[in-house]
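*Asks:* Sequences listed follow chains A and B, in order. For the first sequence, position 105 matches number 128 in our numbering, and the numbering has no gaps at all. For the second sequence, position 99 matches number 101 in our numbering, and the numbering has no gaps at all.
No wet-lab data here; the hints were simulated from the structure. Just so it is clear, CB atoms sit at the ideal spot from N, CA and C, and this is done for glycine as well. Please note that a few of the clues may not be correct.
Some chain A residues flagged as far from chain B (calculated, every beta-carbon gap over 12 Å) [said to hold, decoys possible]:
#1 Thr-25
#2 Lys-34
#3 Arg-54
#4 Glu-75
#5 Glu-79
#6 Val-135
Selected chain A positions facing chain B (in silico; Cβ < 10 Å) [claimed, not checked]:
#7 Gln-60
#8 Gln-64
#9 Gly-65
#10 Pro-66
#11 Glu-67
#12 Gln-73
#13 Phe-88
#14 Gly-95
#15 Phe-97
#16 Ala-116
#17 Ser-118
#18 Glu-123
Now the in silico label distances, taken between C-beta atoms and shown as ranges [stated by the list, open to error]:
#19 A:Trp-120 with B:Glu-47: 12 to 22 Å
#20 B:Glu-16 with A:Arg-87: 39 to 49 Å
#21 B:Glu-47 with A:Asn-41: 24 to 34 Å
#22 A:Pro-93 with B:Thr-32: 26 to 36 Å
So you can see what is in the structure, the chains are spelled out below.
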Amino acid sequence: DTGVSQDPRHKITKRGQNVTFRCDPISEHNRLYWYRQTLGQGPEFLTYFQNEAQLEKSRLLSDRFSAERPKGSFSTLEIQRTEQGDSAMYLCASSLWPRETQYFGPGTRLLVL
Amino acid sequence: DAKTTQPNSMESNEEEPVHLPCNHSTISGTDYIHWYRQLPSQGPEYVIHGLTSNVNNRMASLAIAEDRKSSTLILHRATLRDAAVYYCILRDVRETSGSRLTFGEGTQLTVNP
């Protein structure tokens, strides 16, 4: 069990550029979640997958955001045409449903200039 | 999602017990009480969860009021490594309610040497 990993850990981009983040969950975990966290706030849910199926999306997930988990293992989160308001920590978590516990990665910190 | 209320901050001294309160007066019968914590520059980490009975694990104890409208996370001997933001989260076990964790702002715990 190597834990949840995320890449990159930090990303600086210019407004209008596209960015993509990767999450590798704990092996054999069937659920994968994405959250976003801004400074001083708790994480906010964005979306989650059961294997390769995206089962729920938050209203926070605008049409500029897309997430995939093509083979039910790693996942990517893409933000198109980034805006300064997208600056945040993007957290990935995984779980072995139906067990309750979610295991979080270290996050990707995005700064949009 | 049912709402939780926690103090913004608390302080403790090293090697003393810490009692972190959480109010959840609108809790439903199918809500589990979860606690996660987030150390600086890290993703959240699971601490403990329970439904009705008090729970103990190697990290902490969870005391749940008889009417379930409040709970207390107990760290028996605080260490400097316990300095973190602690989140009390209600999670409905019914799958129709989704799999998300809804974080509030949590309690910032400071541990003094």
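*Asks:* Hint by hint, which ones does the structure fall short of?
*Replies:* 3, 5, 13, 14 and 15
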